[in-house]
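Chemist: What follows is each chain in one-letter form.
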Amino acid sequence: MKKLKRSTKRKIIETVIISVIVMIAAVLCIFPFYWMIFNSIRNPDLINQGSAELFTTDLTWDSYKAVFEYGDGLLWRAYLNSFIIASLQTVGTLFTSSLAAFAFAKIRFKGSKPIYGLFIATLMIPGQVTMLPLFMMFAKVGWTNSFLPLIVPGVMINTYGVFMLRSFMVSIPNGLLEAAEIDGCGWFGKYFKIVLRLIKPALVTLGLFTFIGSWNNYMGHLIYLSDEKLTTLPLLIAGLKETHMTGANWGRIMAASTLSIVPIAIVYLACQKYFVQGIATTGMK
Amino acid sequence: MKKFLTKFISLCLALTISVGLACGLTACKDNEVDDDGNVVVTMSIMNSTNENPGWLAMIEAANLVLERNGEKVRIEPEIIKTDSWDQYYTKVTSNILGNIGGTIGRIAESHIPMMVDKRQLADLTDIRDELVATGEYDATAFEGVAENDGKYYGLPSGTQHMVMYYNKTIFDQYNKANPSDKIAYPSSDWNNASTFAEIQDTAKKMTDYYTALGKDQKKFGLSAGPFLAYAGMYAKNSGGENIFDSNGNCVINTKPFYDVYDWFTQMLVIDKSAPSTSDTQTLDAAARFLGGNIAMLIDGVWQMHDICKYTGDFEIGIAAIPVADKKYTSYTTTFTDRFWASRNSRHPEADKIALKALMSKEAITALSSKQVGGIPIRTDCIDNYFESIKGTKLADSVETVKGGIAYKANVPYSTYYNVVDQRINQKMALWINGEMSAKEFVDFMHETMVDGMEGKL
Amino acid sequence: MRRRMTKKERYDNALGWIFITPQLVGFILFVAFPLVFSLVLCFSDWNMIDMPEFVGWRNFTAVFNDTIFWKSIGNTFIYIAIVVPLTLLSSLTLAILTNRKLPLMKFYRAAFFLPMVTSTVAIAMVWMFIYQADGGILNSVLAVFGIKNLPNWLQDTVWARIAVSVVSIWLKVGYYYIIFDAGLKNIPTELYEAADIDGASVWRKITKITVPMLSSVMFFVTVMLFIDIFNMFNEVFIMTAGGPDYSTYTLSMYIYFYAFREFDMGRAAVASWVLFALVGIVTVIQFKIKKKVVFE
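As you go down the protein sequences, you meet chains A, B and C in turn. Quick note, the first sequence lines up with residues 5 to 289 if you use our numbering. Quick note, the second sequence lines up with residues 845 to 1301 if you use our numbering. Quick note, the third sequence lines up with residues 7 to 302 if you use our numbering.
Extracted from the complex, chain A is given alone in its bound form (with noise of 0.2 angstroms):
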């Protein structure tokens, strides 16, 4: 009895110290944000002299009516743009991906190895490297100006998805496609029934990094869009960056910054579980 006493003792003492451990790791995690919030909200001129305290009842919201206003309500727009152009390239490659993931995992077909391994060296390839050209291409091609060259080529190749979409796949075991195709089921059938049902996290998860991935690309924005009619959410934080005199910026860069970043932030919350799901099985395999 007495011992064990001692040893749930011992177990509070460690959990409240690893708490303390983990609590300071997820303060430091979440302090930008309270940092880039509480910016916000915080006077204008209070930023300006420099003053850094963690807290004050020194609040407005000026810097949110100042980019709200911004441009004649060029904000909604930006959403508008930001979401047609995410949406569109998540979906499309959450379709492309998904595909070709499947036929690599489970279909057994000539030159599969080869050009998957290709496809997994294109892992490597920085962004850099392929920009130019790309920009070039569209130009010539005249679609600059418009959302296309942004939406189609990550819709056409997206390799870290099939690569994490393939680790899924491969784990579903093989019986269950079997007893489907004795009820059946073609390939097609196989696919849209059974292995978009199963693989339903890393499509979340892929999902979410592509939506990410594209709503904050800013350098993409930046070359390839000109019209205003097309701004889109990074080139408006850029827009609200010019350098003025009135000072007041920093208070609308991070009301901006906030109001860019909270969409994202609460479909991520909500879809957490599934999140976490599919990145996990990304490293196993």
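Honestly, the hints are just simulated from the structure, not real lab data.
Covered, in the sense of this in silico footprint (three residues per stretch, anywhere, with C-beta under 8 angstroms from a C-beta of chain C), are these stretches of chain A:
hint, segment
1, 12–23
2, 137–150
3, 272–280
Beta carbons: idealized from backbone N, C-alpha and C, even for Gly.
Fit chains B and C to the known structure of chain A by using the hints.
Modeler: The following block gives chains B and C in isolation, referenced to the frame of chain A:
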């Protein structure tokens, strides 16, 4: 319920896809001709909330001129939202190469040589010749970087020189509190400017005095950028040459340059009476100046626009750029931003017509009456520009600003200048951190410039 | 029987190719073609309006004679030396610590993942703000603890690298935490129970059971981290622009500068191929090492 949700979501997706494609595809279409059959020439402008009204007014005036002359051309502004001239240049150049966006536009002088070298710009020699021949323009503004192999690629949009703004109120406060040790305002006479030693002394006294009053009273005496673009001006004011001597040799490793950077070292590193680049990272020097955080600010006339509009409590004056010794005349770095036309344009003739309209008296007047674009390049618009300042806080300083026009020191921009400038700026932190002496830094500047000239960068 | 098999095989073959067609076309158009194209660019001077001009090895000599180029490669390896072990260590430690019942578990996990789902551009600006020398929150907090004479984080050649690395680690920890966490859950508990009976210490359990059992996961994480760092761009670009004195400059930034500032395509193409080759070599070496080290 679940079925409904699935349906709803798929409907949303279908909608997004169609809307997206519609948006993407309509944007592909080129609106090169408007409803009245006019060719639409798009003009790229750097976004800046305070200057936009000026440029838009200029375009409006130019369109009226075009209409009056019966030209079938109209100009449409395209405001490019970026945060720096570098990014603006990236955008403008990729627009030219991708054949989208502006076929004409405005760009900082510094980028013209690169654009000329890469043959991205249309030849504007005939417009230049025509305009200069009228005798109504400041011919010197046309000289410089835009000329290459006898051809001409960039029309000046206005000249902008450096001046020293100072906050009279801060000086008065100091003098009231220290009656035994009064400091005079800096001199506004370009032939009898304040000396480096005087300014340094003033800056130190101000900084020390206000810092001692407490953290929220802390002020910097002087803000001046020790950048390559201004080095020539300060060297000239110390009896030296503007980077290159008359034979085209780089002369940064001479005494005037060493003296200038010793002066900066004293203020930036030793006295800390000038804000360093990291101090101005979150709030730039001009904003700090108007916030009463800086007593003297060496900056360009492009700040006039905001300072004219300033309605706060401070009284503001303008002085000449300091010199090493009273015997030297004060020179001032002068930037001449340019209008360019794309060589890749589908309507080169319309571009030229549009540019000519932008150079008309009406257009330039519209721009300068909003105090944007610097000193107008049409001689008959200059008075109008200064007249517009007379109703503001800077009324007393009009003559000082006007005086500076005569003492131009152009920056020797070239195809390698931007690389040299980047490398020097990267080294600057070492010098300001005190890891490098002023002499070592100046020698580095010299070597880098020579490397650039020899094509080694 | 035999004929039917071949028919099925043929069917599978065709279907496999149909399934990978969209990605394959994308691969050819948007990866393979640009790669070959940039290889051509390495040997030419092209203003992208007129025809490209063949210049031989000139772009190569320009790049290889450039001290900044070598410095940026050196920086990449410094980042690797700092970021890879620290990310591994911190995400593994967190995974081990949270591999038990803890109150507030949901909150901790949400907090760890948050950095990876946000915009690097936006958050790098916040970090810049945190690191500010005068009035930055970091220095203010440290000053409360009596730590004085603090460096100017982003303006000091040594500290700037560390400051950027910290942000980089901060961005990545969540992702690798998940992977390690899943890896830990896969280790059979019997192993630990047996060790408990032997009276093994916590440290011994970690070094003798956890780490070897996680070796293949660790290998995966290392490879991914290397690739991440070779591609490091946004956080540096925004926080320090590569400075001071190019101490935080990366190869990606070098490429960006020559491609989209100088519009010198040849030079950018050479540098990108060097980057590509480096990533390739490092990955091959890693797989060679894997064969010897990883416990399967």
